[in-house]
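*Asks:* Okay, here's what each chain looks like letter by letter:
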Amino acid sequence: ILNVEQSPQSLHVQEGDSTNFTCSFPSSNFYALHWYRWETAKSPEALFVMTLNGDEKKKGRISATLNTKEGYSYLYIKGSQPEDSATYLCASFMYSGGGADGLTFGKGTHLIIQP
Amino acid sequence: DTEVTQTPKHLVMGMTNKKSLKCEQHMGHRAMYWYKQKAKKPPELMFVYSYEKLSINESVPSRFSPECPNSSLLNLHLHALQPEDSALYLCASSQDQSSLYEQYFGPGTRLTVT
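For the record, the sequence lines run as chains Z and X.
Residue 77 in this note's numbering sits at position 77 of the first sequence, and the numbers go up by one each step.
Counting the second sequence from 1 gives a position; this note's numbering is that position plus 115.
No wet-lab data here; the hints were simulated from the structure.
You may find that some hints are simply not true.
Said to hold, decoys possible - Here are the simulated BS3-like pairs of lysine-lysine, each with C-alpha atoms no more than 30 Å apart in a straight line:
1. K42/Z - K107/Z
2. K78/Z - K58/Z
3. K156/X - K58/Z
4. K59/Z - K134/X
5. K155/X - K107/Z
6. K155/X - K134/X
7. K69/Z - K59/Z
8. K168/X - K107/Z
9. K133/X - K155/X
10. K155/X - K59/Z
11. K156/X - K107/Z
12. K78/Z - K59/Z
13. K156/X - K137/X
14. K133/X - K168/X
15. K58/Z - K168/X
16. K107/Z - K78/Z
17. K153/X - K124/X
18. K156/X - K57/Z
19. K78/Z - K156/X
20. K124/X - K134/X
21. K153/X - K42/Z
22. K168/X - K153/X
23. K156/X - K42/Z
24. K155/X - K137/X
25. K155/X - K58/Z
26. K42/Z - K57/Z
27. K155/X - K69/Z
28. K134/X - K78/Z
29. K42/Z - K78/Z
30. K107/Z - K69/Z
31. K133/X - K42/Z
32. K153/X - K107/Z
33. K42/Z - K155/X
34. K168/X - K42/Z
35. K155/X - K124/X
36. K137/X - K107/Z
37. K69/Z - K57/Z
38. K42/Z - K124/X
Same shape as in the complex, but just chain Z (with noise of 0.2 Å):
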């Protein structure tokens, strides 16, 4: 895997429900996993970063996992709720060995809830 890739690209999720989605990353040259949260009209915010390989954070109902030797990163929503519709972004930090190191985006998981 060359860049972050996340799947699904959106999705339609029922309130109450819980759901997951996914980020790929390069295994190799790795230091740490960023996921933001961007709600329409303001500013992406942050809910985790993750350097280590195993890594769990939570944060109220959204917890993220992190598996560094294959590269991928989960992020779970329990109970979800309407104020939780947003695109979840993941970035990679990587370094490039000379000019502008940092993060590396993925497209985002748009997620809507449905009530």
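Given chain Z's structure and the hints, the job is docking chain X onto it.
*Replies:* Chain X alone, transformed into the frame defined by chain Z:
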């Protein structure tokens, strides 16, 4: 104050115009970033300032010129842009450029080049 502000929110400019985008943060962050996002594409890193020193993404055309007047301010000067430069320009900051720190984003400037 955990806010990153960007002005203007919207900008329409002709290909011969010169304009500037502005970004400000007062969190004491020492790294600031410019990203470009085109529709249905991920945000793409353009420039990083770390402790007011510039790191350049060499694929960014010279018609984009960043400036960091001080540790709180970041500008992006635009000159002779092309219609394909129309995009959302996001500014972000973080404690420093380490991969361990989350980035705080502004709401973006929606740029249209006519």
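*Asks:* If you test the structure against every hint from before, which numbers come out violated?
*Replies:* 4, 15 and 28
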